Amino acid sequence: MSEQSQQNASGLDALVDRDYEAGFVTDIESDTIPPGLDESVVRFISKRKEEPQWLTEWRLKAFAHWQKQKPPQWAHVQFPEIDYQSISYYSSPKSMADGPKSLDEVDPELLATYDKLGIPLHEQEMLAGVINSSNVAVDAVFDSVSVATTFRDRLAEAGVIFCSLSEAVQDYPELVQKYLGSVVPMTDNYYTTLNSAVFSDGSFVYIPEGVRCPMELSTYFRINERNTGQFERTLIVAEKGSYVSYLEGCTAPMRDENQLHAAVVELVAMEDAEIKYSTVQNWYPGDKDGKGGIYNFVTKRGACLGDRSKISWTQVETGSAITWKYPSVILRGNDSVGEFYSVALTNNRQQADTGTKMIHLGQNTKSTIISKGISAGRSENCYRGLVRMSPNARGARNFTQCDSLLIGDECGAHTFPYIESKTPSATVEHEATTSKVSDDQLFLCQQRGIDTEKAVAMIVSGFCKDVFRELPMEFAVEAGKLLEVSLEGAVG
Amino acid sequence: MSLLEISNLHADVAGTNILKGVELTINAGEVHAIMGPNGSGKSTLSNVVAGRPGYTVTKGDVRLNGQSILDMEVEERAQAGVFLAFQYPVEIPGVSNMEFLKASVDSLAAARGDEPLSAAAFMKRIREIAGELSLDTDFLKRGVNEGFSGGEKKRNEILQLLALEPSLALLDETDSGLDIDALQVVSRGVNSFLREDRAVLMITHYQRLLDYIKPDFVHVLSGGQIIRSGDASLALELEAKGYGWLTQ
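Line by line, the protein sequences give chains B and U.
What the first sequence shows, in the working numbering, is residues 1 to 492, in sequence order.
What the second sequence shows, in the working numbering, is residues 1001 to 1248, in sequence order.
One or more of the hints may lead you astray.
What the hints assert, rightly or not - Estimated spans, in silico, between C-beta atoms of each pair:
| id | chain 1 | residue 1 | chain 2 | residue 2 | range |
| --- | --- | --- | --- | --- | --- |
| 1 | B | K288 | U | S1176 | 41 to 47 Å |
| 2 | U | P1116 | B | E81 | 40 to 46 Å |
| 3 | U | D1138 | B | T427 | 29 to 35 Å |
| 4 | U | Y1088 | B | D287 | 38 to 44 Å |
| 5 | U | A1111 | B | K288 | 24 to 30 Å |
| 6 | B | D287 | U | D1012 | 36 to 42 Å |
These are calculated hints, taken from the structure and not from any lab test.
Remember, it's a predicted structure, so these values are computed and weren't measured experimentally.
Note that CB positions come from ideal geometry on N, CA and C, so glycine has one too.
Based on the sequences and whatever the hints tell you, model everything.
Here it is as structure tokens:
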């Protein structure tokens, strides 16, 4: 940092301090700021995290822009207007020592769910401190702060950086500055702009040239505090010829009120690099009548910058009151590959509007979309996907398969495919089916001794097989169990 | 005590009265065959015993080992030992045969309070049974009835029968649509199922099945009632004379 900017930074510090004095009456020892959002909150967060000046300014610019933006209205979801002043934008355990150290300190409701899952979840292991038995490196984000990143030494040997974004800002500022907002522009949409202004923490991954990351990387996100929004950012950069597989898990305790989760994920893949990004999302979906639950308004996008690079999104979404997310790939490099495998399950009053965007810019680029939507109860489940073949995407190909499964007769399934082709040599294929879990199938299962709930879970998991086999092994089992739990009570 | 006792059974399907006072007693170790004209209620009878939704019992009782099963859920009847081999087995796409069988065997074990079979022991057993039915191992990896030929579907039902080891097997036209070779394989499977503590009730249109699986009793179901019972020779008589002489 130059002397000049250091001076500016300390000048800013003073300003932030002053704003803080004026803006907050709450005891800062608590480390949770009161609800409300204005410029001083943005400054507070940045100050709290001892961020460099460029980042503070970046946040402020986003905040200024956000005030002029409007939330998107086009999704097939309905919810009362969010009062952004009622949300607290920063919360952290008072110290690392306050984070949960054993399962005894974890929300029993959450553990009850784990018990139903009946398997040692990697999250559970992580919380229990037995993570060393697992070959998965985990970063845990509780509310707004990253509390633990395991296996850092072993990863460092391979040259892999895996740390919280806050640490990356301190330790690798040039990398963060270069790539932050490079795939998802700061002001891309209402929620990304908000995230850019107030993002709390998240994960940062950097895989150097030619390195194959020696283990699965995983982040565990959890919203803990009441009235807290979670705004994490994940940034993954895979240099030339590198490979990484990354998994994020999400849970939240049961709360009566709705909580906002507006995350941003950016992936950058250079020449011949491959990033596999898997999500098992189990945010609290609200109760049977639709009370409570997480609003999951997330922007995920990957850029295949280099030739022959590959980005693959796999998601299993069973949680959240409302899901609004479209993990996308920009296929810039020639012969680059984008994939999207999705299972989205909605039950009771849940609403999901999810899908992907495959933007073909380079020649002979290829994308595959496999979407499996399952609707039960009185839920609404939409697939919304865009395939765009730009004029230069000669020989580009897309295959889309979009299947919906209905359980019961009060739910809805909708498909909104958008196809824009400006290249005569591009090929776009779209297949769609809608089916129901039939009484005959249920009767067969029951006649073989399997109870209805297990039968439905089994039928649904068969329906999702094409997606599950894309998940890392241990998570495929978890995903299957998660469906079973999420479908409880779905059938009479 | 009889294994299965059906007494004065009346049942409706979609508001139409189909069974009109069926009487039937099956003891352990016995093989019974039910024959009869189309629409006489044969399939209805097996579905009612299995508890299929949409079949309403209006009168009478069905007892398994002396206990009425009419208030039991479908899976509870299965757990109590009732097995129905379907006339038209339905597909469950994406769920492999092996997975389905494991879920099934585990559910039945859990209902008995037994420990589930280890994965290795289970696979070994299923492979053996599949071998007896001339089904190759690939068959076990395919989705349940997904893209199966008619013969494969029927053999798959018998595979399930042998894997689940119920006490009462209801075979609903298991022989229909089978060529001679497949019929022999299926019959061999059913015969290997038979033991002193088990019984079979076959529903069939054709005497030829009875050449392979010898019935102790043959019943004629017509107009929702059993109008004639006899031994294996009754089937031969029916083959020669049809049903007309019985229903007039």
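We went through each hint and held it up to the structure:
no.	hint	verdict
1	K288(B) to S1176(U): 41 to 47 Å	holds, 45 Å
2	P1116(U) to E81(B): 40 to 46 Å	violated, 51 Å
3	D1138(U) to T427(B): 29 to 35 Å	holds, 32 Å
4	Y1088(U) to D287(B): 38 to 44 Å	holds, 40 Å
5	A1111(U) to K288(B): 24 to 30 Å	holds, 29 Å
6	D287(B) to D1012(U): 36 to 42 Å	holds, 39 Å
Consistency with the previously given hints fails for number 2 only.
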